[in-house]
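Produce the complete structure using the sequences and hints provided.
The listed protein sequences correspond, in order, to chains A and B.
FYI, in my numbering the residues of the first sequence are 1 to 111.
FYI, in my numbering the residues of the second sequence are 1001 to 1115.
Everything labelled a hint here was simulated from the structure, so no lab data went into it.
Treat each hint with caution, since some may be false.
Said to hold, decoys possible - Dumping the calculated BS3-like pairs for lysine-lysine here, alpha-carbon to alpha-carbon at most 25 Å:
1) Lys68/A / Lys56/A
2) Lys71/A / Lys38/A
3) Lys68/A / Lys54/A
4) Lys54/A / Lys5/A
5) Lys38/A / Lys56/A
6) Lys5/A / Lys56/A
7) Lys5/A / Lys68/A
8) Lys1057/B / Lys1083/B
9) Lys38/A / Lys1042/B
10) Lys71/A / Lys54/A
11) Lys71/A / Lys1042/B
12) Lys1057/B / Lys5/A
13) Lys5/A / Lys71/A
14) Lys1083/B / Lys1042/B
15) Lys1057/B / Lys38/A
16) Lys1042/B / Lys1057/B
17) Lys68/A / Lys1042/B
18) Lys5/A / Lys1042/B
For reference, the chains in residue letters:
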Amino acid sequence: DQQVKQNSPSLSVQEGRISILNCDYTNSMFDYFLWYKKYPAEGPTFLISISSIKDKNEDGRFTVFLNKSAKHLSLHIVPSQPGDSAVYFCAARVTGNQFYFGTGTSLTVIP
Amino acid sequence: EPEVTQTPSHQVTQMGQEVILRCVPISNHLYFYWYRQILGQKVEFLVSFYNNEISEKSEIFDDQFSVERPDGSNFTLKIRSTKLEDSAMYFCASSGQGMSNQPQHFGDGTRLSIL
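As structure tokens, then:
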């Protein structure tokens, strides 16, 4: 039962360019969406979130876009830096405290 | 910056044995969670805990699992009779107050290896 899907297992981007990570979901009851970044041997680190009542949230180099009609979420990183190389997970919550994670996208930023 | 800490970082256990994974959440957080990630797969929700009781649990969290907050700082996950398929990374997380939108803060995980 994959309610949150990240269809691209990996992405490579040149340093300084934009990285776009995508996430699709199936449950229209999700009300809160998050992006996490994960380095090997560490736990996920919170990056940015968005409530279902908004369509965009920006924090520095990171912007999350939510398209509810398409049930699609994306994370834009601009400009991309080598330190951004990590696995990125999107997560979503139905009202309550159960979160569903995607399978992750491994981002490599090439210097 | 306060962080969630988990011990041990790696636990090796014989199949059928009980194992306890330990977590110290961020001190002023009220919601606590356990997740697991089987190698190469997604992070899966196990259970959330609030006000000294389970608030939600997934299908994975069956009778062999239990959680406890034995004192004011620790949050534990017990697996009663481990199976080979319990081998995974187990992540503890905590989040702040209320039901408003608060991100979860994760520990670095415990790698559980069942032999």
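Each hint tested on the structure:
1. Restraint check: the Cα-Cα separation between Lys68/A and Lys56/A comes to about 11 Å, which is no more than 25 Å; the hinted pair holds.
2. The suggested pairing of Lys71/A with Lys38/A holds, with an alpha-carbon distance near 24 Å, which does not exceed 25 Å.
3. Between Lys68/A and Lys54/A, the direct Cα distance comes to roughly 9 Å. Compliance with the 25 Å bound is thereby established for this hinted pair.
4. Between Lys54/A and Lys5/A the CA atoms are separated by roughly 20 Å; this keeps the pair inside 25 Å, and the hint holds.
5. Annotation: proposed proximity of Lys38/A to Lys56/A holds, straight-line Cα distance about 23 Å (limit 25 Å).
6. With a C-alpha separation of about 20 Å, the suggested pairing of Lys5/A with Lys56/A holds against the 25 Å cut-off.
7. Simply put, Lys5/A and Lys68/A have alpha-carbon atoms about 15 Å apart, close enough for the 25 Å limit, and the pair holds.
8. The hinted pair formed by Lys1057/B and Lys1083/B meets the criterion: a straight-line CA distance of about 20 Å does not exceed 25 Å.
9. Of the pairs offered as hints, the one joining Lys38/A and Lys1042/B holds, with about 12 Å between alpha carbons and a cut-off of 25 Å not exceeded.
10. Under the criterion of a C-alpha separation no larger than 25 Å, the hint pairing Lys71/A with Lys54/A is consistent with the structure, at around 13 Å.
11. For the hint pairing Lys71/A with Lys1042/B, the CA-to-CA distance comes to about 20 Å; that is within 25 Å, so the pair holds.
12. A distance of roughly 21 Å separates the Cα atoms of Lys1057/B and Lys5/A; the hinted pair therefore holds under the 25 Å criterion.
13. For a cut-off of 25 Å, the pair hint linking Lys5/A to Lys71/A stands: about 11 Å separates their Cα positions.
14. Between Lys1083/B and Lys1042/B, the direct Cα distance comes to roughly 19 Å. Compliance with the 25 Å bound is thereby established for this hinted pair.
15. For the given pair, Lys1057/B sits about 24 Å from Lys38/A by alpha-carbon distance, which is consistent with the 25 Å threshold.
16. Under the criterion of a C-alpha separation no larger than 25 Å, the hint pairing Lys1042/B with Lys1057/B is consistent with the structure, at around 17 Å.
17. A distance of roughly 23 Å separates the Cα atoms of Lys68/A and Lys1042/B; the hinted pair therefore holds under the 25 Å criterion.
18. For the suggested pair Lys5/A and Lys1042/B, the alpha carbons sit about 10 Å apart, so the restraint of at most 25 Å is met.
Comparing the model with each earlier hint shows no violations; every hint is respected.
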